[in-house]
Amino acid sequence: MIWMNRIDSMLSVLSVPRHQKALRYLRIVVGCILLYIYAINFNQRYFLFGPESVYSDPALFNVFRMVNSTWFNVLYFIAIAAALCLAVGIGGRLVTAVNLIFFWSWTSASALIGDGGDNLLRVMLPYLILTDLAEKLDREPSSLWQKTLGIIHNFGLLAIIIQLCFVYLTAGLMKIQGEMWRDGTALYYVLQVNEFSNPRVAPFIIKHTWLSVMGSYATVLYQIAFPFLVFHRRLKLAVVLVSVSFHLGIWIYMNLPTFSWVMIIFEIVMFSDQELTVYSSRLRSFVFQNPAVTKLRNYRKRSDALTVSSKVENL
Amino acid sequence: MRKEGRDCYRLSRAVSCNVRTIIRTRVVLLIVTIISGFLLTYHFFITFLYLTPFNPVKVSMESNTQQHMGQLFAQNWSLFAPDPLHSNSILYASCLMDGGGESGWYDMTSGTIQAFHNQPLGAYTRLARMHLVAIRQYQGVTDPTTELVRQKLCAVDAENAACTRDDAQSRSVQSVGKKMLARLGSSACMKIAKDSGEKVSKVKMRVIELPVRPYSERSNKEWVPEVTGFETEWFPFEQVAPLSNIILIPEANAT
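Here the protein sequences come in this chain order: A and B. For what it's worth, the numbering used here labels the leading residue of the first sequence as 987, then goes sequentially. For what it's worth, the numbering used here labels the leading residue of the second sequence as 5, then goes sequentially.
Incorrect hints may appear among the rest.
Said to hold, decoys possible - Distance windows between CB atoms, simulated: (1) B:Ser179 to A:Arg1220: 52 to 60 Å; (2) B:Ser248 to A:Glu1165: 41 to 49 Å; (3) A:Ala1045 to B:Ser248: 23 to 31 Å; (4) B:Leu157 to A:Trp1196: 30 to 38 Å; (5) B:Cys158 to A:Ser1267: 56 to 64 Å; (6) B:Gln71 to A:Asn1054: 28 to 36 Å; (7) B:Thr45 to A:Leu1215: 21 to 29 Å; (8) A:Leu1046 to B:Ala172: 17 to 25 Å.
Don't read these hints as lab results, they were simulated from the structure. The beta-carbon is built from N, C-alpha and C at its ideal position, and this holds for glycine as well.
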């Protein structure tokens, strides 16, 4: 009966849904990113995604191509509504599936304007359908149904984490095959390309050779190291913070907003509910117990008090 | 599940004394776990193969891999690898009207890039990249993994069809690129013709490539990029939904 007990305890561990908070935050941000993508392309929706769009591979799945322009409009608005529902948390798995259908169609139609962020989002959406994005599953599941959903949720979560590691490892291994990444000039070159450069800040890296070299090497090293370091309990936070800064850098220097946002938000799945609670309370205490912040708050209190007393005097 | 007394089992908070229920729960959860675990392992094994460089296992399982990954899980994480783009390109369009007159060249890129730099969160964030994909496809540039194999092949056999981009895959990619350029040009010509009230019959594209300043020339103030480029043949005009915010600059006004 020992092996039976082991199976039972394994099932008990597996059926408890993990990282629910992280997935809830992820859902909200993914919904907002989808809304942003649909919104900024609203004016040119016919040109990019409509039945007479500039380019859409007819072999690819695309609901926007299956209809006339009136129905295309209806579908586009449904896509916006579905993204809004995802951000707000209405509709559960069904809404996630609807978002998958529309965003899959969107990536099929956006061969000319797509980026790695779109690709990651499309690949991750099927895994997100498996997970509990509304934080509704019981943390101590009692019924068979809840336990089953808990197991499926955990496999979905695991799929997201493995996929994320594959992204970093592949990107890093591909880079070491490139001469420019090996000689540390990749950032120097790419930041001179108009489509991937913010002219307000990019010259700073282009002019400082050591920044370009260190940035190029750090990128390759961090991408290859990510899957091996991110599971280390003590290093996890540092690895994710490096990753977040790296993608913020891509946003600022290379002007690739949605790619950076998608990459950043998917890092959150690495953290358990407990870890997120600890970090948020540490952040809160850092903010509220910081001498500078305390001074500012005291100053505000004093100025409020002075305002009240002057009002009283005026009365 | 912990044993609670003789025939009772505790399943988290719920206590059940029905052995059948316990066994059923155990069997169902075990089946769900085994199936999920198998699917996850299989899926990521195939994904791993899909993402690896060319190797004997990948080649032998190519059809399975492609079939499994399909359109939904198709992915490319080259992300500026093996080498990032290191040239700036400008796409021009020219239109042949029904009456036989030509519009002259219009720069489709510079204005869009300017708008992209001025509005980093607006629509031009993506529109500014449209021409890049079309040009690369027209030139027959495929995915980075294939390009790496092509580079190796060219080093030993420069006359090979894959090296001269005359192989089936390159030709297929080029035909997609032609379609993209023809439709991009058609959208530009629709706007150009709208002002003159004429109808467009054909469109032609010109691509100008300007390499970025090489690292070795970073301090050389005399350096100027070596301009290269090409013109396409005349493509028949295609009906495309209009792009109202396309920015076109006549060649005479281009800087």
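For this session: Tell me, in ascending order, the numbers of any earlier hints that this structure violates.
Result: Of the numbered hints given earlier, the structure breaks none, since each of them holds.
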